[in-house]
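Put chain B on the given structure of chain A with help from the hints.
Protein chains: 2
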Amino acid sequence: MSLRALLTGMSQQVEGAYAVMLMGYDCIAIDEVHVGTPGFDVQMMIVEYATVIKEIQRTVEVVGAGDMEEITITTKQSSMILRVINEDLFAAFVLSRDGNVGKARYLLRTNALAMLQALE
Amino acid sequence: MSLRALLTGMSQQVEGAYAVMLMGYDCIAIDEVHVGTPGFDVQMMIVEYATVIKEIQRTVEVVGAGDMEEITITTKQSSMILRVINEDLFAAFVLSRDGNVGKARYLLRTNALAMLQALE
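In the order they appear, the protein sequences are chains A and B. The opening residue of the first sequence carries number 0 in numbering that gives the first Met the number 0; numbering runs sequentially from there. The opening residue of the second sequence carries number 0 in numbering that gives the first Met the number 0; numbering runs sequentially from there.
Check each hint, because a few of them may be wrong.
If chains are identical, the list can't say which one is meant, so a pair holds when it fits in one copy or spans any two.
In silico lysine-lysine, DSSO-like type, Cα no more than 30 Å apart, as pairs [what the hints assert, rightly or not]:
#1 K53 / K75
#2 K53 / K102
#3 K102 / K75
Keep in mind the hints are simulated off the structure, nothing from the lab.
The shape of chain A in the complex, shown without the other chains:
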């Protein structure tokens, strides 16, 4: 399955999905799928957060709390899940505030390998 098809499938399985993407830590998306009208700049949000992730990863290493796996950020209007895929890539899911965060997390976790395979 192509990466685009995979991301599209993931976005369709979660209520309230705004965007699903696979991205490098350089903030350049490998591919992304957008759905609905979030009312804020999803792209800019993720690029900004990518910088923050790097900082959190550095902290986790310094403290010795084991490799980072996932970050969830909840605001009044949205939820966003960032999942580390490997040392180069992370996947992100952006949802409306009442979206199904549990399912989005599950899909990011279970599709991690498939996303990598779709790049080969």
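The following block gives chain B in isolation, referenced to the frame of chain A:
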């Protein structure tokens, strides 16, 4: 109820709890309760993350995604939940990787007001 008693009660209600604290964005704890032996420096972890929260809050404002409410960070060894209480304070819960994150989130949310009242 005193803040110390409140935090102690919260820590006792969650399996796998390592620490519960109320903290300013200047990284100085108002009060904190530690439990068990995490195997990493919880204090240092939270201080480092407090810096990151400020950055995420700035991002959320710039993007217009509504006020920040909560951040959850999961590593191979731990989970950590940071909840915004007001413009000066946040509360943090640090757990083992197999701790009950759902209950910790619930307690942070439902005790937000009580933590503020304990300061008066």
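- request: Provide an ascending list of the numbers of those earlier hints which the structure does not satisfy.
  value: none
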